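Construct the entire structure; sequences and hints are all you get.
For reference, the chains in residue letters:
2 protein chains.
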Amino acid sequence: MKSVKVGILGLGTVGAGTAEVLSRNASEISRRSGYDIAVSMASVRDKSKPRGCDCSDFALTEDPLDIVNSTEVDIVVELIGGCDLAKELVLKAIANGKHVVTANKALIALHGNEIFSAAEKHGVVVAYEAAVAGGISIIKSIREGFSGNQIEAVAGIINGTGNFILTEMRDKGRTFDDVLAEAQELGYAEADPTFDVEGIDAAHKLTILAAIAFGTPLQFDDVYTEGISKLDLVDVAYAQELGYRIKHLGIAKKTETGLELRVHPTLVPEKRLLANVDGVMNAVLVKGDAVGNTLHYGAGAGAEPTASAVVADIVDVARTLDVASQQRVPALAFQANAVQELATKKQADFETAFYLRFQVKDIAGAMSQLSAGFAEQNISIEGITQKEPEKGQSTVSVIFITQKVQEGMVDEAIKQLESLAVVDGEAVKIRVEHLN
Amino acid sequence: MKSVKVGILGLGTVGAGTAEVLSRNASEISRRSGYDIAVSMASVRDKSKPRGCDCSDFALTEDPLDIVNSTEVDIVVELIGGCDLAKELVLKAIANGKHVVTANKALIALHGNEIFSAAEKHGVVVAYEAAVAGGISIIKSIREGFSGNQIEAVAGIINGTGNFILTEMRDKGRTFDDVLAEAQELGYAEADPTFDVEGIDAAHKLTILAAIAFGTPLQFDDVYTEGISKLDLVDVAYAQELGYRIKHLGIAKKTETGLELRVHPTLVPEKRLLANVDGVMNAVLVKGDAVGNTLHYGAGAGAEPTASAVVADIVDVARTLDVASQQRVPALAFQANAVQELATKKQADFETAFYLRFQVKDIAGAMSQLSAGFAEQNISIEGITQKEPEKGQSTVSVIFITQKVQEGMVDEAIKQLESLAVVDGEAVKIRVEHLN
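Those protein sequences? They're chains A and B, same order as listed.
294 is the number that this note's numbering gives to position 294 of the first sequence; each next residue is one higher, with no gaps.
134 is the number that this note's numbering gives to position 134 of the second sequence; each next residue is one higher, with no gaps.
Since the hints were derived computationally from the structure, they do not count as laboratory data.
Please note that the accuracy of each hint is not assured.
The list makes no distinction among identical chains, and a pair is therefore deemed to hold if it is satisfied within one copy or across any two copies.
Said to hold, decoys possible - The list that follows gives simulated cross-link-like pairs (lysine-lysine, DSSO-like), each with its CA atoms no further than 30 angstroms apart: (1) K172 with K47; (2) K2 with K254; (3) K172 with K230; (4) K345 with K5; (5) K345 with K172; (6) K2 with K121; (7) K230 with K271; (8) K271 with K172.
Since we're looking at a predicted model, the values are computed, not measured.
Structural data, given as structure tokens:
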């Protein structure tokens, strides 16, 4: 049997998981692939430190360039994360004619266009299934499984940390800060949680999903990104009373007036499967013109689920080792010369429904003024709910669920309504997606 | 751009859908694949009949052999269904060196071993994504997306008709016969519904899923198959009261003592996503040792969802047109010489939990005798519920949920308990799967 030698850059959680899965499932993997696939080298920061996997069958080096330049490596697996060193190593590996597998979403979202172009020039593959939603195999499903479709929308829970926090807030009535502290203790959240809770990690992944769904270049800068750190517990509870769950979604929609690329907390009807994806799990809904709605669910992170995707990529790459490049699945799903820029919409042009909460001082006077304000802006209201004041509060919560409307019109209405004397402070605005 | 010519055998619902999707999405498909893919010929039973698609761009023939033998066809798409003619045509196409795409689950489940062996001999691909769960892309996920895993179990709602009937029974309290009649009117069920409601269609699909998950030959005859036609409305309601939903599942499990291949009504905890897949939708849960539990959800039938899978297969095949066969994804996921027979278990050896309903005449005397009977057989009981007699009934329903146990032991216990004087008639036995 022909052998394939894998060099791993970075033996952290996912690197050790990848080495472990390749070794433990070696027989299953070669029964499937027809190749004897094994790690030949791995780079670590400090060789003297203990490892999370058995390293006795391969060489360790402290210089990642040893791997990128080695003749004993067919496929370079980049698992060190971050953008600077990772980018340098990946480009060097490509220049050396090596295929690359990476789990690095930031690298692909920010530098993918350059990397894929280099890969095409050198006739190598850069595979990145593990960059989005761990082991779910969503990249493969979109790039290959739905190749007969015009994809209309992708909407996903693509950050496990954020979903864990939202699930705990809802189930146990705990505040954001309280759950975040626990998530950090459990290792679900980083010491600096910004990437997860402010939606940047989700925006990286959405950037990738949008490109392969619509055949556009990667355009991270065009993603509207809003995190969950400002989410008030009271809105989580009100949403539930109204038959919704709040989920942090990455949404990419193709509309006649351009692409909507947005990451934000979203009310989802509780009947939808996506609304019932809890804890650290991920799920991605894909809507194609032929296939309709599909949902793909699984672990979005963790050593072995991520390793599962890395190994699947290694097997895919192994299958193309002797194949001329034109037959391969293109990096961004569409042939490089068929990738097309598509205009992205600004926030004011997004079209969706809204959950709007106002605190009002005088309920009798407020209702008619608020309703009149929405009518003036031609914003149709789906439902209005009024909540009894919390103990010690002098204001009453009034919640409007709008019909689908342009966000700019809603912002304009909010501005006007906030200036009313009966309205106290700023309105809370959360988007609503029905996903049907 | 290189062109790929597709010949369709059978222009029924799925055939017309395939022609429509290939034509409507032609630009998207060639942007992805790099090939200009179009239908060149299609066979129909009667050329004079009106069609569900525009046929002006391709030739129609009443002799399917014209397509199989044509030099104007690169890929033969078999959508006539059934086994006799379909098998003959597929084998002839293979012998003629043509690649084949089929949506025919019965053909693959019953004759796949022979067909794939012929395909390997002639160096062609036989692709069959559309044979299981329509457009969900589950074959691709298992064959390629989870290639790094030892797959431990597959469990799926893989018959939309059956799921529609069960959903209506639960939601509206309607009987099986009542809903079946409506399903037939709506076109969800055939005039002869045996394949759907007796589980044969699901068993065909499970046969395929099990082979590609575990690397075994297709073994339809070893699937234990039980339909939903005997399901009593009262058990659907009781299951729900106990926190479960009854779903018709195809289950394939790898255990240390052999494979369990079974299709039957199953109680699933209502919290599981799979329990919330309603109507005609399909969903498949795959459990891998590295990836954990994943779920894949979407439309399992219908013209365009099925066409979505057929077209994805056509694109995949197009990508291999100039590629030596050894690099291709093997037909049954594992290299032909690595496919291994694995012993399948008999029904008496299945291990699962059970919902058991007894009708008893004298509740005081019955409880202790029934409990004693289970204890005698070393069957642990998870919970016991007693239901008030329905109006006009003299017996009381007593429901036991057992812990996981060998089915043979449960059957033995049931036989003994049915012979008790306090027990009226036969017990109802439905399997319970926790899917965690």
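Going through the hints against the structure:
1. K172 with K47: neither (44 angstroms within a copy, 65 angstroms between copies)
2. K2 with K254: Only across copies: K2 and K254 sit 29 angstroms apart there, 44 angstroms inside one copy, limit 30 angstroms.
3. K172 with K230: Within one copy only: 18 angstroms inside, 42 angstroms across.
4. K345 with K5: neither (45 angstroms within a copy, 39 angstroms between copies)
5. K345 with K172: neither (37 angstroms within a copy, 44 angstroms between copies)
6. K2 with K121: Both: 26 angstroms inside a chain and 21 angstroms across chains, each within 30 angstroms.
7. K230 with K271: Both: 26 angstroms inside a chain and 29 angstroms across chains, each within 30 angstroms.
8. K271 with K172: both (20 angstroms within a copy, 17 angstroms between copies)
Comparing the model with each earlier hint shows violations of hints 1, 4, 5; every other hint is respected.
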